[in-house]
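**Q** Each chain is listed here by its residues.
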Amino acid sequence: DGGITQSPKYLFRKEGQNVTLSCEQNLNHDAMYWYRQDPGQGLRLIYYSQIVNDFQKGDIAEGYSVSREKKESFPLTVTSAQKNPTAFYLCASTQGGVNEKLFFGSGTQLSVL
Amino acid sequence: AQTVTQSQPEMSVQEAETVTLSCTYDTSENNYYLFWYKQPPSRQMILVIRQEAYKQQNATENRFSVNFQKAAKSFSLKISDSQLGDTAMYFCAYPPSYNTDKLIFGTGTRLQVFP
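The listed protein sequences correspond, in order, to chains B and P. Add 623 to the 1-based position in the first sequence for this note's numbering, that's all there is to it. Add 7 to the 1-based position in the second sequence for this note's numbering, that's all there is to it.
Just so you know, not all the hints are guaranteed correct.
Once the Cα atoms are required to be at most 27 Å apart in a straight line, the calculated DSS-like pairs of lysine-lysine come out as [stated by the list, open to error]: (1) B:LYS694 / B:LYS637; (2) P:LYS109 / B:LYS632; (3) B:LYS693 / P:LYS77; (4) P:LYS80 / B:LYS693; (5) P:LYS77 / B:LYS724; (6) B:LYS694 / P:LYS109.
Treat the hints as calculated values from the structure; they're not laboratory data.
The whole structure should be built from the sequences, with the hints applied where relevant.
**A** Next up, the structure:
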């Protein structure tokens, strides 16, 4: 079945550590997105990519980094510079841009040890 | 700043009844899309319904329909014949400008359907 796979489901970060969240899609979508979800808040955009080897910062990119070396993969690294990383992270993709349906993964819950 | 507001943090409804979730937004665009996404306890977001602002007719998807009031910038979601599986967080969202690559999401409404 086509879809988006995020891993791991749960992730724990130690102080000063970088961690990487995986996002893989087999929908052949060009555009991929990373959102952060905090309790009581909507989703906020971290980074997005419209095409391989190109990506743009979203509204809350500080402390995060991404790469897009393959069409199907868009990993997110939470660096030690992100001082409040505890949140639920959602990856999404779409073929026609944000005016079309977004397909979401099942998310990664990141917590700080 | 362009925003989207969901004024009902929580709502509840009895099974088989109808419930309406409200959403207001702010945009200077004339042509745009509006979305309702559902996040069930599994936490995977699913598109419920999409409305094109230049269309007069309200969008419907089975038991889900919208009441779109463009002048009032209001976009409410009506769920008819509520089912237990409708229990979820519901988020209203829209792109803040026509050529943007991002969606602005509301803070969500938690809907509980009771048997």
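**Q** Go through the numbered hints given earlier and state which of them the structure violates, listing their numbers in rising order.
**A** Hint check: 1, 3 and 4 fail, others pass.
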